[in-house]
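Undergrad: The lines below spell out each chain.
Number of protein chains: 2
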Amino acid sequence: MPLFSTYEYLQRLEKTKESMEMLGIDVLLITDPANMNYLSGYDGWSFYVHQTLVVLLEEEQPYWIGRAQDANGAKHTAFIDTSHIVPYPEDHIHSDARHPMDFVASFLKDKQKGNRRIGIEKDAYYFTAKCAERLESGLPDATFVDATLLVNRVRIVKSEQEIAYMRQAGVLVSQAMRVAMDSIAVGVRECDVAAKIYHAQISGTPQFGGDYPAIVPLMPRGEMTSAPHITWSDDRYREGDAVIVELAGCVRRYHSPLARTLVLSPTSPNVTDLAKVVVEGMESALAAVKPGVRLEEVEQAWRKVIERYGFQKESRLGYSMGLNYPPDWGEHTASIRRGDQTVLVPNMTFHMIPGMWLDDFGVEISESFRVTENGYELFADVERQLFIK
Amino acid sequence: MPLFSTYEYLQRLEKTKESMEMLGIDVLLITDPANMNYLSGYDGWSFYVHQTLVVLLEEEQPYWIGRAQDANGAKHTAFIDTSHIVPYPEDHIHSDARHPMDFVASFLKDKQKGNRRIGIEKDAYYFTAKCAERLESGLPDATFVDATLLVNRVRIVKSEQEIAYMRQAGVLVSQAMRVAMDSIAVGVRECDVAAKIYHAQISGTPQFGGDYPAIVPLMPRGEMTSAPHITWSDDRYREGDAVIVELAGCVRRYHSPLARTLVLSPTSPNVTDLAKVVVEGMESALAAVKPGVRLEEVEQAWRKVIERYGFQKESRLGYSMGLNYPPDWGEHTASIRRGDQTVLVPNMTFHMIPGMWLDDFGVEISESFRVTENGYELFADVERQLFIK
Chain A
1 MPLFSTYEYL QRLEKTKESM EMLGIDVLLI TDPANMNYLS GYDGWSFYVH
51 QTLVVLLEEE QPYWIGRAQD ANGAKHTAFI DTSHIVPYPE DHIHSDARHP
101 MDFVASFLKD KQKGNRRIGI EKDAYYFTAK CAERLESGLP DATFVDATLL
151 VNRVRIVKSE QEIAYMRQAG VLVSQAMRVA MDSIAVGVRE CDVAAKIYHA
201 QISGTPQFGG DYPAIVPLMP RGEMTSAPHI TWSDDRYREG DAVIVELAGC
251 VRRYHSPLAR TLVLSPTSPN VTDLAKVVVE GMESALAAVK PGVRLEEVEQ
301 AWRKVIERYG FQKESRLGYS MGLNYPPDWG EHTASIRRGD QTVLVPNMTF
351 HMIPGMWLDD FGVEISESFR VTENGYELFA DVERQLFIK
Chain B
1 MPLFSTYEYL QRLEKTKESM EMLGIDVLLI TDPANMNYLS GYDGWSFYVH
51 QTLVVLLEEE QPYWIGRAQD ANGAKHTAFI DTSHIVPYPE DHIHSDARHP
101 MDFVASFLKD KQKGNRRIGI EKDAYYFTAK CAERLESGLP DATFVDATLL
151 VNRVRIVKSE QEIAYMRQAG VLVSQAMRVA MDSIAVGVRE CDVAAKIYHA
201 QISGTPQFGG DYPAIVPLMP RGEMTSAPHI TWSDDRYREG DAVIVELAGC
251 VRRYHSPLAR TLVLSPTSPN VTDLAKVVVE GMESALAAVK PGVRLEEVEQ
301 AWRKVIERYG FQKESRLGYS MGLNYPPDWG EHTASIRRGD QTVLVPNMTF
351 HMIPGMWLDD FGVEISESFR VTENGYELFA DVERQLFIK
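Protein chains in written order, with the UniProt record's numbering: chain A, 1 to 389; chain B, 1 to 389.
To be clear, the hints were calculated from the coordinates, so they are not data collected in a lab.
One or more of the hints may lead you astray.
Put simply, identical chains are the same to the list, so a pair is met inside one copy or across any two.
[To be verified] List of simulated lysine-lysine pairs, BS3-like, C-alpha gap at most 30 Å:
#1 K109 <-> K17
#2 K75 <-> K15
#3 K109 <-> K290
#4 K75 <-> K290
#5 K276 <-> K15
#6 K75 <-> K389
#7 K290 <-> K111
Just chain A, same shape as in the assembly (with noise of 0.2 Å):
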């Protein structure tokens, strides 16, 4: 069963076309797992191999198209008309001879499209330069058209039911750290608080269960606290390790990421300083989010009160996040750093990350949100605070 009704679909796809317009494209192919989610409801882990999502301009549904064991799932979750799924065979699977992309090419050539300006997401995960090479040989009438982040732009301001989804993410996350903070501890393996933080995320509340997040638990330690997507091994934590925990809840495919760092004892003054100064940056530069705000006059807010004590970041500060799958819960579009641009508005979802990495040690305390009509409303419920124990 599709997630949201047809009218939010349809308003989606409406929103799509509006943007295919003003690239003058009349054919858009997606293959982001995310954006093809959003557009019809499909979800299944089938993005390992080749899939598409075509909207053409003129017709209401779009087209799947994928590989033919996956052809039931699409039925099971997508809203589309069971004529609107299109099954490759499976001798396109890993072939030398024969490439997805060519069946995709085909199917356009038979809906009369071989000659159309086409949009293609040449910079998305699973849109190979192979799938680009194999459309353009297929299709030599066509003009293709750079249209990476499209449909991600479409995503950035989320439906009451999406904020819902990402409420309940937060009620994950909340539970998931608290876990970690309560587990980590010395002696204690890695592997066996990464086992319980998984455990929480995914069994959830009696009310409702977790889905897989689209990141896994990154938990450095020690000087790895410096490298921050190390994920876990079976050491055992020990006497004076910083530990560092980004996780999220995930509801439905949306998400609400989170991170916090805790110090065993005897602790650096280096960190609890760090953490201070990361604590009172990030306070500002949720005082500064409302609508109307631009993402870098937030972003400045945090320079501010960090260059006061002497700190820099070249980082970005935090992004735009909500409906995706791995290997990333970003949507890649407005990142709060100098120079952007994007005028806040309600809705809004960000997860604001002032990590510090320095030489031999960092630390992570995150929040995510969404933009209320007068400021922010967090989805998590951790004290925000560097953890000691």
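Place chain B on chain A using the hints.
TA: Chain B only, in chain A's frame:
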């Protein structure tokens, strides 16, 4: 700390360079995260931004090029010298103006490689059409050659140390599958079973913990068993449900996948009959496995059995697998299917997954194994049968 000896990494690079010479390429750009790990040891959930390993024919060590904040992770996990770790600035992240492949192009020009034959992985997951476009425009004098699967083919025969990790992964997948078969029951929520599976996969045993598998537990239920890549929901299991569970144990990025099917009584004779055919067919195929045999012969042994019962299977019977990252644990090289001429040699490793998906139900019962001197060794140890409760 790198997982393997420097000697093993250098051997892998030597074999890679032999393949490069056969293709007449001087420079190989690796973006598949499993291939990056295989040739350097680099491990981190950073493949959601562009990153590359550059192999130059005349230099012993490759260069890691990645995001600035991941350079510390590379220093910790890769065997290469610090001078071979080349970070690109944060302003290249999700920017319209600067793409990480612009940086790679400049790097190659500085190395006087701008006019060479350069191998790229055109159909690797994270090598987007935009990556190719930016490299081509940054290096107008270079000739680009498709080197997709070049390193994957080097990976196909495992070392003793790799096999040791896959045996450990086999212990974990057996444990996780038993947890799944024990927990699924009428009235239980799917998400609670998924949570227990995760806990077993990650917590592991007292001797070793688990890493995150490249694919989440797939566990379609009821009519959805006809759709193999469905995950889980909050729904409760009901009498008469069939449930397919496909999951992997993972140790240090090495996988052993496994599938089993369970039916909650009352049982449909359609399912029990199909399960018997699947087991008999798989056993016939396994009996055909030994060095010197071609993969198509293994598939033929399976096909003979199922055709006798009036069944057909369009999709392949299995695939080579081992080291990997999301979204797939398969290696995309050898497949157990008609026409695959790959000749088996010891320490090739496969997931044989004779999934049969009919219109409204399906059965999957699988095994992971390595080829031995005279047959095969299974990685998992779970009864090869339809589970009935």
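Undergrad: To test your reading of the hints: which numbers does this structure violate?
TA: 3, 4, 5, 7
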